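There are 2 protein chains.
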Amino acid sequence: MRVAFLGLGVMGYPMAGHLQRARHDLVVYNRTRSKADAWVAEHGGEAAPSPAEAAANADVVLACVGRDDDVREVATGRHGAFITMKRDAVFVDHTTASAGLAQELAEEAQRRGMHFVDAPVSGGEQGARSGQLTIMCGGSAAAYKKAEPVMAAYARQCRLMGEAGAGQLTKMVNQICIAGLVQALSEGLSFARAAGLDPLAVVDVISKGAAQSWQMENRHKTMLSGHFRHGFAVEWMRKDLAICLDEARRNGATLPVTSLVDQFYAEVEKMGGKRWDTSSLFARQEAVRTET
Amino acid sequence: MRVAFLGLGVMGYPMAGHLQRARHDLVVYNRTRSKADAWVAEHGGEAAPSPAEAAANADVVLACVGRDDDVREVATGRHGAFITMKRDAVFVDHTTASAGLAQELAEEAQRRGMHFVDAPVSGGEQGARSGQLTIMCGGSAAAYKKAEPVMAAYARQCRLMGEAGAGQLTKMVNQICIAGLVQALSEGLSFARAAGLDPLAVVDVISKGAAQSWQMENRHKTMLSGHFRHGFAVEWMRKDLAICLDEARRNGATLPVTSLVDQFYAEVEKMGGKRWDTSSLFARQEAVRTET
Numbered sequence: 007m008r009v010a011f012l013g014l015g016v017m018g019y020p021m022a023g024h025l026q027r028a029r030h031d032l033v034v035y036n037r038t039r040s041k042a043d044a045w046v047a048e049h050g051g052e053a054a055p056s057p058a059e060a061a062a063n064a065d066v067v068l069a070c071v072g073r074d075d076d077v078r079e080v081a082t083g084r085h086g087a088f089i090t091m092k093r094d095a096v097f098v099d100h101t102t103a104s105a106g107l108a109q110e111l112a113e114e115a116q117r118r119g120m121h122f123v124d125a126p127v128s129g130g131e132q133g134a135r136s137g138q139l140t141i142m143c144g145g146s147a148a149a150y151k152k153a154e155p156v157m158a159a160y161a162r163q164c165r166l167m168g169e170a171g172a173g174q175l176t177k178m179v180n181q182i183c184i185a186g187l188v189q190a191l192s193e194g195l196s197f198a199r200a201a202g203l204d205p206l207a208v209v210d211v212i213s214k215g216a217a218q219s220w221q222m223e224n225r226h227k228t229m230l231s232g233h234f235r236h237g238f239a240v241e242w243m244r245k246d247l248a249i250c251l252d253e254a255r256r257n258g259a260t261l262p263v264t265s266l267v268d269q270f271y272a273e274v275e276k277m278g279g280k281r282w283d284t285s286s287l288f289a290r291q292e293a294v295r296t297e298t
Numbered sequence: 007m008r009v010a011f012l013g014l015g016v017m018g019y020p021m022a023g024h025l026q027r028a029r030h031d032l033v034v035y036n037r038t039r040s041k042a043d044a045w046v047a048e049h050g051g052e053a054a055p056s057p058a059e060a061a062a063n064a065d066v067v068l069a070c071v072g073r074d075d076d077v078r079e080v081a082t083g084r085h086g087a088f089i090t091m092k093r094d095a096v097f098v099d100h101t102t103a104s105a106g107l108a109q110e111l112a113e114e115a116q117r118r119g120m121h122f123v124d125a126p127v128s129g130g131e132q133g134a135r136s137g138q139l140t141i142m143c144g145g146s147a148a149a150y151k152k153a154e155p156v157m158a159a160y161a162r163q164c165r166l167m168g169e170a171g172a173g174q175l176t177k178m179v180n181q182i183c184i185a186g187l188v189q190a191l192s193e194g195l196s197f198a199r200a201a202g203l204d205p206l207a208v209v210d211v212i213s214k215g216a217a218q219s220w221q222m223e224n225r226h227k228t229m230l231s232g233h234f235r236h237g238f239a240v241e242w243m244r245k246d247l248a249i250c251l252d253e254a255r256r257n258g259a260t261l262p263v264t265s266l267v268d269q270f271y272a273e274v275e276k277m278g279g280k281r282w283d284t285s286s287l288f289a290r291q292e293a294v295r296t297e298t
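Here the protein sequences line up with chains A and B, keeping their order.
Under the working numbering, the first residue of the first sequence is numbered 7, with each subsequent residue one higher.
Under the working numbering, the first residue of the second sequence is numbered 7, with each subsequent residue one higher.
Chain A with its partners taken away, still in its complex shape (with noise of 0.2 angstroms):
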């Protein structure tokens, strides 16, 4: 199967690395050409100065990269794949992006006698490093079917939730859940410091009832050690929290806890956070109570 993967960034450099692996024809690509070099430099293969040049005759075309207009950039930019790509050729979107972007995308690969899956994925770095990424698809079932067996390289769960949009859509519940998750299980430490507490007692002791989660389990110790380097970043989440709201004003769902917490993340920012990870809303809470 030829194979062109756009993007090599901290998620899509392993996963164009497990494409590699599975032997697939494969052509990278990257804006910032020096790490193209060093990913071929590493993996072998190839790589194209343009994601025309990469997309030339792939059957699938693979991009993960960080908003909506790099995604218009590498699929129907001036060098973008969708002009050098051919008929039933699908390509696949890995950025967590709008769903506007997915159903506009899906319609003018349409167009041209091709496909087009919106792909977000969830399992952060180390799932992409690991090949076990969570995979929300939004997309025709035949388009699905065709990308699949490529996007089983790195996959451990990949699902198609519905037409153009529905994978993003799906993302953005995975989103909404963790950002309150995350705020209670600060506020719920902050008062266990408060009050005089042993926080890593007091998750032993909680952590096995109805106020478990994944994140309580993972991520308290490093949020008591007041060390934000083990996920994703907070500019990220925010650029995601936008995408949510923005999406909630059209579907009509009211977010009144996720807003508050991209509140309490541009908090974070402004405290120098940008790059934390998201257990730092934890830090907020700690520097709004120690406060004098």
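Derived from the structure by calculation, the hints contain no laboratory data.
Some hints could be false.
Identical chains blur together in the list; that is why a pair holds if it fits in one copy or across any two.
[Stated by the list, open to error] Pairs of lysine-lysine, PhoX-like flavour, derived with a Cα cap of 25 angstroms: (1) K214 - K227; (2) K92 - K151; (3) K151 - K214; (4) K214 - K41; (5) K152 - K276; (6) K276 - K214; (7) K276 - K92; (8) K214 - K92; (9) K227 - K41; (10) K41 - K152; (11) K245 - K280; (12) K276 - K245.
For clarity, every value in this text was computed on a predicted model and none was experimentally measured.
For this one, chain A is given, so just place chain B on it according to the hints.
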């Protein structure tokens, strides 16, 4: 061991049953006498007409009642257990109450040469029935050591968290973590519906990753089906949150999301949901969303 149990409500009734099966020499008391008679008819044993009479000659007196003042009534009231308890006996309070009450009663017990252990539980009615409660204790090591083998009759996990009040403070952390978490889950599921997704499929996909929680796994189906009869009632949660928010005023912790969720529960009460379970925050989200 001579044991008294005060308060045969939803929790206390099955808890006292476990004590009887553990072959303690047990006397029970309940404010509404008919319930104590029903308990004796089911379990055998003996019911007393007042806390003082139940507690006479007991080594350990355990209580599970409603609010701070109910605990005061059965402990230090005119017919309270403290009047007749013998020297070195231990009063164990399973009620979720304030840490201040625990400190007040611990001091009063000490003045009388007795002991007090605050010991709120989690695990709900189901945990009480199955004898699988988590018990969070505050008090002296000596008092805890005497009470622990008795509580073992209905404990999956029992732990001394610190001095008087530490059990209550630990329970507060538990409730704080749950409040925001359930609201986040409610926002996520409501958003999923608004977005036209299949919420069951969404939960299936996202519940293996960083958004996972006990609440997501155990409550999403009942929430989506609109059945809020599967757990802890809203009016009791509001009692607990009032205790948390009151304690936070004293210890300097800030609880912005917990405080907001308390207000949402007030709205659930106005919707007729005093007796609905805590996951009914989802009903409020849906009511707001579908209002025209």
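| Which holds for K214 with K41 at a C-alpha limit of 25 angstroms: within a copy, between copies, both or neither? | For K214 and K41, the Cα distance exceeds 25 angstroms both inside one copy (44 angstroms) and across copies (32 angstroms).
| Between copies, within a copy, both or neither: which fits K276 and K245 at Cα up to 25 angstroms? | within (16 angstroms within a copy, 36 angstroms between copies)
| message | At most 25 angstroms between alpha carbons: which applies to K276 and K214, within, between, both or neither? | response | For K276 and K214, neither the intra-copy (35 angstroms) nor the inter-copy (32 angstroms) Cα distance is at most 25 angstroms.
| message | For K41 and K152, with the copy left unspecified, which applies at a CA distance of at most 25 angstroms: within, between, both, or neither? | response | This pair counts as neither: shortest intra-copy Cα distance 29 angstroms, inter-copy 66 angstroms.
| With identical chains treated as interchangeable, where does the CA-CA distance between K276 and K92 reach 25 angstroms or less: within a copy, between copies, both, or neither? | neither (47 angstroms within a copy, 59 angstroms between copies)
| query | Is it within a copy, between copies, both, or neither that the alpha carbon of K151 lies no farther than 25 angstroms from that of K214? | reply | Between copies only: 23 angstroms across chains, 40 angstroms inside a chain, cut-off 25 angstroms.
| task | Indicate which option fits the pair K214, K92 if close means a Cα-Cα distance not exceeding 25 angstroms: within, between, both or neither. | result | neither (53 angstroms within a copy, 36 angstroms between copies)
| message | Within a copy, between copies, both or neither: which one fits K245 and K280 at a CA-CA cutoff of 25 angstroms? | response | within (11 angstroms within a copy, 38 angstroms between copies)
| task | At 25 angstroms max between alpha carbons, let me know whether K152 reaches K276 within a copy, between copies, both or neither. | result | Neither, since 45 angstroms and 52 angstroms both go past 25 angstroms.
| said: At most 25 angstroms between CA atoms: does that hold for K92 and K151 within a copy, between copies, both, or neither? | reply: Result: close within a single copy only, 17 angstroms intra versus 75 angstroms inter.
| field | Homo-oligomer pair classification [K227, K214; C-alpha up to 25 angstroms] | value | both (16 angstroms within a copy, 21 angstroms between copies)
| request: Classify it for me, K227 with K41: is the Cα-Cα distance of at most 25 angstroms met within a copy, between copies, both or neither? | output: This pair counts as neither: shortest intra-copy Cα distance 34 angstroms, inter-copy 46 angstroms.
Going down the numbered hints, you'll see the structure goes against 4, 5, 6, 7, 8, 9 and 10, while the others check out.
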